Amino acid sequence: MPTIKSETILNQKGMVRAITRIAHEILERNNGAETLAVVGIFTRGAELAKRIAKKIGQIEGVDIPVGFLDINLYRDDVHTKLDQPIIQKTEILFDIVDRNIILVDDVLFTGRTIRSALDALIDFGRPRSIQLAVLVDRGHRELPIRPDYVGKNIPTSKDDKVQVRLVEIDKEDIVIFEKSGLKKAKGKKSTGKKSGSKRGGKK
Amino acid sequence: MKLKSRHLLGLEGVTPEEITLILDTAESFREIIERPIKKVPTLRGMTVLNLFYEPSTRTKISFELAEKRLSADTISFSKSTSSVKKGESLKDTVRNIEALKINMIVIRHSSSGAPYFLTQCTDSNIINAGDGRHEHPTQALLDMFTIRRKYKKLKGLRVALIGDIKHSRVVRSNIWGLKAMGASVAICGPSTLLPYEVEKFGVDVYTNVDEAIDGADVVNIMRIQLERQEAGLFPSQREYTNLFGITKERLKLLNKNFTIMHPGPMNRGTEISSEVADSKSSVILEQVTNGQAVRMAVLYLLSGKKEETE
Chain U
1 MPTIKSETIL
11 NQKGMVRAIT
21 RIAHEILERN
31 NGAETLAVVG
41 IFTRGAELAK
51 RIAKKIGQIE
61 GVDIPVGFLD
71 INLYRDDVHT
81 KLDQPIIQKT
91 EILFDIVDRN
101 IILVDDVLFT
111 GRTIRSALDA
121 LIDFGRPRSI
131 QLAVLVDRGH
141 RELPIRPDYV
151 GKNIPTSKDD
161 KVQVRLVEID
171 KEDIVIFEKS
181 GLKKAKGKKS
191 TGKKSGSKRG
201 GKK
Chain H
1 MKLKSRHLLG
11 LEGVTPEEIT
21 LILDTAESFR
31 EIIERPIKKV
41 PTLRGMTVLN
51 LFYEPSTRTK
61 ISFELAEKRL
71 SADTISFSKS
81 TSSVKKGESL
91 KDTVRNIEAL
101 KINMIVIRHS
111 SSGAPYFLTQ
121 CTDSNIINAG
131 DGRHEHPTQA
141 LLDMFTIRRK
151 YKKLKGLRVA
161 LIGDIKHSRV
171 VRSNIWGLKA
181 MGASVAICGP
191 STLLPYEVEK
201 FGVDVYTNVD
211 EAIDGADVVN
221 IMRIQLERQE
231 AGLFPSQREY
241 TNLFGITKER
251 LKLLNKNFTI
261 MHPGPMNRGT
271 EISSEVADSK
281 SSVILEQVTN
291 GQAVRMAVLY
301 LLSGKKEETE
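Just so you know, the sequences run in chain order U and H. Following my numbering, the numbering of the first sequence begins with 1 at its first residue and continues without gaps. Following my numbering, the numbering of the second sequence begins with 1 at its first residue and continues without gaps.
With the rest of the complex left out, here is chain U (with noise of 0.2 Å):
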């Protein structure tokens, strides 16, 4: 068996710290919480947009609206996987025009997922501006999307794995680096359910 490095980019406390970080940076570039709403992409985007949301609300003393959002039916590739990826239920229960929206996702990596995500939040309606923060940014873009706010931005190869990891979902609050010790294993693909998540846990 190969050992497979990996290290901890984020724990706990840094988790905080960056989302943290993050809200006061959204505050500062959009001069307050009064138009903002945060939008989480499933799975741990959706979790992490509750926590902007609610940093973003003790910060001001205000309530910001948040939604989620299942971009799966936006993919580009959704017919060239064997199988369709789990749908989950799209959640914007305002009204999106003329709002700030910030995007938030776990993992930044070829920016497909972004893609999908502005057609999908176009499809209900004309926001003034989307803005997307994600806790890491681990480069290797494949079309022209760039992050607005970053918790942190780790070099990687393409093989290599990034893995956040959610109390709400997984039971702790860790980013882990993995750095990919042998190339195309077998079995490789099945290695991304331990994190107990459909899709997205590995990135």
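Just so you know, these hints were derived from the structure itself, not from any lab. Hints are not guaranteed to be accurate.
Below, in silico cross-link-like pairs of lysine-lysine (BS3-like), each with a Cα-Cα straight-line distance of 27 Å or less [what the hints assert, rightly or not]:
| # | chain 1 | residue 1 | chain 2 | residue 2 |
| --- | --- | --- | --- | --- |
| 1 | U | K13 | U | K50 |
| 2 | H | K68 | U | K89 |
| 3 | H | K38 | U | K161 |
| 4 | H | K305 | U | K89 |
| 5 | H | K155 | U | K89 |
| 6 | H | K39 | U | K89 |
| 7 | H | K38 | U | K89 |
| 8 | H | K166 | H | K39 |
| 9 | H | K153 | H | K252 |
| 10 | U | K50 | H | K152 |
| 11 | H | K152 | H | K179 |
| 12 | U | K89 | U | K179 |
| 13 | H | K39 | H | K60 |
| 14 | U | K89 | H | K153 |
| 15 | U | K179 | U | K158 |
| 16 | H | K305 | H | K252 |
| 17 | H | K155 | H | K280 |
| 18 | U | K171 | U | K13 |
| 19 | H | K179 | H | K155 |
| 20 | U | K89 | H | K248 |
| 21 | H | K2 | U | K89 |
| 22 | U | K54 | U | K89 |
| 23 | U | K171 | U | K50 |
| 24 | H | K152 | H | K248 |
| 25 | H | K256 | H | K280 |
| 26 | U | K89 | H | K60 |
| 27 | H | K4 | U | K89 |
| 28 | U | K89 | H | K166 |
| 29 | U | K161 | U | K5 |
The model shown is predicted, which means the values in this text are computed figures rather than measured ones.
Since chain U is already given, all that's left is putting chain H on it; use the hints.
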């Protein structure tokens, strides 16, 4: 979790996990039809053929809209305006249309087994939209979806299916689906409208409607299929109404918070009184709305599924 088959021919043999997957997915799609822009790009570039050899309002429109909401291209075919009139066979019809490059076929046909036959002579994914007396799986799925939305469960509920059991494909699909999901099922109709070997369904069989609906949570009323009646299965529509029609008086036998369902089209005043059909407990129109979400879920889950090598 995924569907085992690349076709949906019926609910017989479909596992509770698969049914739950379809219903959960439909729950997510239900939100899309409430949006201002009721469309997602998921099936863009796919072509779906709606092959209706029998008349239909709800199922046909529901499937067509479901396909359009998923951005598929659709062609609708009806028997009366096609070369079927000139004697072209089902196989030739489908193979010719398939030569125009389609991906999925939704079929309704008066012969049981027609959808299965198509799986043997085409490469498309086949969805059964009702075949003869065999099955109508999407109707049963939308019935279960509607029940599950109201009661938040299916297990342990008592569902009575009343009416023409013999000719009803909706009943058969409902029986398989509800049994798989752990509901308790009663069926009831005139003995001439019960099929041979009815006991093999493994459900409670009644010929007295009051006994059948006693203590039920859901009454799903089947249409008297006047077009499928051989002469003399029951003496008159009026006698049927007296003995089996669901009227306001009969509703007292049901559990509190009961639900009235009907797959449509209704013969008002025959199997269901207008008062019951339009009452607060009736979810007949909700069934229609939910049908669209369920059909979107089925189209989505089957789309792109290729021939599997086992």
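Which earlier hints turn out false for this structure, listed by number in ascending order? Numbers 3, 8, 12, 16, 20 and 28 - these are the hints that the structure violates, sorted from lowest upward.
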